[in-house]
Amino acid sequence: SQQGEEDPQALSIQEGENATMNCSYKTSINNLQWYRQNSGRGLVHLILIRSNEREKHSGRLRVTLDTSKKSSSLLITASRAADTASYFCATDNQAGTALIFGKGTTLSVSS
Amino acid sequence: DAMVIQNPRYQVTQFGKPVTLSCSQTLNHNVMYWYQQKSSQAPKLLFHYYDKDFNNEADTPDNFQSRRPNTSFCFLDIRSPGLGDAAMYLCATSFLGDYGYTFGSGTRLTVV
Numbered sequence: 001s002q003q004g005e006e007d008p009q010a011l012s013i014q015e016g017e018n019a020t021m022n023c024s025y026k027t028s029i030n031n032l033q034w035y036r037q038n039s040g041r042g043l044v045h046l047i048l049i050r051s052n053e054r055e056k057h058s059g060r061l062r063v064t065l066d067t068s069k070k071s072s073s074l075l076i077t078a079s080r081a082a083d084t085a086s087y088f089c090a091t092d093n094q095a096g097t098a099l100i101f102g103k104g105t106t107l108s109v110s111s
Numbered sequence: 001d002a003m004v005i006q007n008p009r010y011q012v013t014q015f016g017k018p019v020t021l022s023c024s025q026t027l028n029h030n031v032m033y034w035y036q037q038k039s040s041q042a043p044k045l046l047f048h049y050y051d052k053d054f055n056n057e058a059d060t061p062d063n064f065q066s067r068r069p070n071t072s073f074c075f076l077d078i079r080s081p082g083l084g085d086a087a088m089y090l091c092a093t094s095f096l097g098d099y100g101y102t103f104g105s106g107t108r109l110t111v112v
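Chains as they are written, first to last, in our numbering: chain A, 1 to 111; chain B, 1 to 112.
Rather than coming from a laboratory, the hints here were simulated on the basis of the structure.
Errors might be hidden in some of the hints.
Pairs of lysine to aspartate or glutamate, DMTMM-like flavour, derived with a Cα cap of 20 Å [stated by the list, open to error]: (1) A/Lys103 / B/Glu57; (2) A/Lys103 / B/Asp59; (3) A/Lys26 / B/Glu57; (4) B/Lys44 / A/Glu5; (5) B/Lys44 / B/Asp59; (6) A/Lys56 / B/Asp98.
Only chain B is shown next, with the shape it has when bound in the complex (with noise of 0.2 Å):
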């Protein structure tokens, strides 16, 4: 089945060491995006992709990057995780316009 993947489900990193959090979709949307989303709140956007431009909220941390090297794969590397930086980060992809979105499992990251 067409779906979206991210690995791994559960991450533990220490304070500052930097992590990487991955997707994969074999659904071939145009657009990927990354949320981030903590506990009881709303899932946040951090950025997305169209294609390969890439597309970064105002508000989102330097401390957060993203690739995208092919349409299938996107990455999210957080380059020094603090403790405020333990969620739930979700992939989802859509093709751009009136589309849902189909969201990944998630990867719940903890910081020690």
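Chain A extracted, bound-state conformation (with noise of 0.2 Å):
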């Protein structure tokens, strides 16, 4: 069953922009993780946020975590057109045991 859900499903914005997006889940978690997918290929793995982390960067990539809203959020900044991909949401199953993807946020980035 679909644990994590991204808004909005689809962004366009500009090179140098930008980029939030945001993902709700419904149970308590270990850690929540971030991934990227380009078109027709595997997904890559971004950054994993624990549940006793609130914020986390990684390069142009900043993850915030809210356990009390049971919300994250995964900001891009300074776009660039090789950023165009799907980004993914990921939380543990109930055994934790394995990753739950929300349905995605398909990410355009035009020069």
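Reconstruct the complex from the two isolated chains, following the hints.
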């Protein structure tokens, strides 16, 4: 069963702008992860944030986690055309043994 | 480079004809996962192996089976593919715990 829901479903921006994607989930988690998927390819792990963390950075990526609201956001600063992809949040299943993915946000960055 | 390799990249099979997709890893991860992803949808977990322990998702059709003969290899068998099984099949690996997954490039299955 689906755990995470991303919002918006699609996002179009210009190069240099920031992109923000949100993820909401239903049950308690150990960690939340964000992945990128280029068209027709496998997923690439971007960042993992644990349930006791509130914010994490990796290069141009900033992830926040609010466990009281069961939500997370992914911010990509100074977007580039190469950031065009689908972005998925994922949380662990009830047994804590595997990731369940949300439907994803499709980001399009135009130059 | 350590990686997850899926073969073939594209697979065309006939309706009802058994097909096997393969996944290999050089990361020595103890968990291997199979996901099914249909167009514009989220990857859906089919099953996973923790070492040799097989874990099937409750809603995975019986038509789908898996084998993990050793740490490095994992296979997805579709016994009688239907048109609805056309999808991208993604293999992923990780260590158990708070770790990210490493995905292969996927196998796109077409059923004719």
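We went through each hint and held it up to the structure:
1. A/Lys103 / B/Glu57: This hinted pair holds, its Cα atoms lying about 18 Å apart.
2. A/Lys103 / B/Asp59: holds (18 Å)
3. A/Lys26 / B/Glu57: holds (19 Å)
4. B/Lys44 / A/Glu5: holds (14 Å)
5. B/Lys44 / B/Asp59: holds (10 Å)
6. A/Lys56 / B/Asp98: holds (15 Å)
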